[in-house]
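Novice: Given the coordinates of chain A, assemble chain B onto it according to the supplied hints.
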Amino acid sequence: MGFFQNLKNGVSKTRQNLGDKVMGVFTLGRRIDEELFEELEEGLIQADVGVKTSLELVEKLRSLAKEKKVKEAAELKELLKQEIIAILSAGEENGFMPQKGILQVYMVTGVNGAGKTTTIGKMADRFQKEGLKVMLAAADTFRAAAIDQLAVWAERAKVPIIRHQEGADPGAVVFDACKAAQARGIDLLLIDTAGRLQNKTNLMNELGKIGRIVGRELPEAKKDFLLVLDAGTGQNAISQAQLFKEVVPLNGLILTKLDGTAKGGVIIGIKNELQIPVKWIGVGEASEDLQPFSSADFVQALFN
Amino acid sequence: MAVFANLADKLQATFKKLTGKGRLSEADINEAMREIRLALLEADVSYKVVKDFVARIKEKALGADVLESLSPGQQVIKIVHEELTALMGPEQAKINISSHPPTVVMMVGLQGSGKTTSSAKIANLMKKQGRRPLLVAADIYRPAAIKQLQVLGENAEIPVFSLDGCNDPVRIAKESLAHARTHGNDFVFIDTAGRLHVNEELMAELKNIKAEVNPSEILLVVDAMAGQDAVNVAEAFHADLGITGLVLTKLDGDTRGGAALSVKAVTGQPIKFVGQGEKLDAIEPFYPDRLSSRILGMGDVLTLIEKAQIAVDEKKALEMEAKIRNASFTFEDFLDQLEQMKKMGDIQDIISMMPGNIGKQLKNIQVDEKEFSRMEAIIQSMTKEERIKPDMINASRKRRIAQGSGTQVQDVNRLLKKFAETQKMMKMASNQAAAMGKKGKKKGMFKLPF
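Quick note, the sequences are listed as chains A and B, same order.
When you line the first sequence up against numbering that gives the first Met the number 0, it's residues 0 to 303, in that order.
When you line the second sequence up against numbering that gives the first Met the number 0, it's residues 0 to 449, in that order.
Next up, chain A with everything else stripped away, as it sits in the complex:
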């Protein structure tokens, strides 16, 4: 399958890294001892899974090994896989893809440089090609030339863009976009917001306000509040997810830049601690490289 192959290629680097470290531990015929568990813990930490989640996973594996009287390291591999899939797929919902005839809003948020605008550009291109009526809202009125950047994408994808001037109130942009999306029978409204660090209270409050405008103006629409996360991010991603969740009803992550050597293991920690699932992953430069996330495929590709 093309999709699966793509995903596998995309996460192959992730796999290599997580794989090298974690899988190296499961050498054939190796006996299970304390050293093995310690190495495993280290491997997970090195994949950015985080100390807490790594310790939990290893602890669970330890008791499972005892309970099931596992003797060989290879058997542990299956158990670990199942554990990670269990974490990632808990409460996984199907059918979150936008559809024709139903207004769906993606409000895209994140820290500076995570890849919000690029992700939106790719989504616009992808869904326009699939026949949906897409509209962009340039609510990053802060960063220099952010509006222009999004406008270039709108032109490429041949979709309309709602924009104000630089420095304008992002709430006003979003309000206009909501009105326009309704009036023009849009299927997918993609809202680009300014990058903000999660500890900047004023900026986070502003984001909360934008979110409320969307909720108020489009009560009927399906709304996804998505956090874009750079796969290279370390444990700070957990703080990001937590604090963004406090101001908007965050219900999904977009993991970008998985085509490098970054492992993105922090998504396991985020899901484990905050129950926020990954919905999309970016595995390359092209629009097709933005793909829906599936935990089963992800872990499968990660371990094989």
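Watch out, some of these pointers could steer you wrong.
Some chain A residues judged to face chain B by a derived CB distance under 7 angstroms, without partners named [said to hold, decoys possible]:
hint, residue
1, D47
2, V50
3, G231
4, T232
5, Q234
6, N235
7, S238
8, G259
None of these hints come from the bench; they were simulated from the model.
Ideal placement from N, C-alpha and C gives every residue a C-beta, glycine not left out.
Specialist: Using the frame of chain A, we list chain B on its own:
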């Protein structure tokens, strides 16, 4: 958030067990090392780097003398902190300036690390130092990247060089140098496109730019929020280009910033600048000790210990404690305290540096340094008797004190009220300290200076 969100508390707990004196024993150190190892990992320091570092610390700490005034735990922290700081130094590495102007600075890094913003910030800093910088827009890939640099240049009143429609960054870089020479620009900042370190084609492009412009500096821009992968990125960029320095961005977030230690360790190149916000002037030189405290997550507890050691006279502190206990704290003592606190430096700083609960509880107390001098003046206008028995200060005494100190009666009233409040607060603090003291020895614990 994370398990080790408050390492200071965690370490305190660990170190309570360590009551040994004199020299650090292996048991002391092993106990502390596990916590430190996990704390560094949680702060995103690369696993490899942590391993090396902990081994080094262990060697250093073993058998080290424990200073009279420190507990074994504090002694270990001190060593860890010093080593971390040394590893991240040197302080304030300057930008390399070419003897044949213009000085060329190449800005490189992953997508979204903050190259364009950092280019403008550093150029702006140079401009303020009397240089004539030129910004060069060599990111031809990201939509509107050139426009972004132009807008930033306009805001900072720094010229921006770009070639419309040119899709050859090497040529842009080359021609920008000629432009700089004819326009008298002595600094050229080349803003290159973000790229993945595994993209061979784009890495080759950087090598070509380097060969063409022979830069004095190649600065790798690193996101302070980066995780374990930061080492791979830094290693690859360094191997391909031979970077000469690092710029750490987005440190105004709540990240612990362990990636900084990783990239410093694997490249051996100094951190030259730190990005602290979105505004053009939000760039600072690098202070290794601040960052090492941050990575350890200890609320500058060490600085506090050091400052306290210097300023607070041990004996006086003991006397004070006794006074607080039996609530015989007077304006005399208050005056003493004011003087000691002044010796320790900025009050707000000190409060913010206190670890754990103390810092949190006192964080919201607004401290006005001028207010302190006013208080001093008022107390000095009191008689000895008044200072010991403030209850005797009636309306006419208040008028006299106000006149003597050049203040208003309201000011005197306010101080009297504040003093009563302080007494109350100290009672609370001393009760707390007593409760803590029951659990173990208090030797070496920092004593509140007021």
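Novice: Confirm or reject each hint.
Specialist: Comparing the hints with the structure gives:
{"no.": "1", "hint": "D47", "result": "holds, 4 angstroms"}
{"no.": "2", "hint": "V50", "result": "holds, 5 angstroms"}
{"no.": "3", "hint": "G231", "result": "holds, 5 angstroms"}
{"no.": "4", "hint": "T232", "result": "holds, 5 angstroms"}
{"no.": "5", "hint": "Q234", "result": "holds, 6 angstroms"}
{"no.": "6", "hint": "N235", "result": "holds, 4 angstroms"}
{"no.": "7", "hint": "S238", "result": "holds, 6 angstroms"}
{"no.": "8", "hint": "G259", "result": "holds, 4 angstroms"}
The structure is consistent with each of the numbered hints, conforming to all of them.
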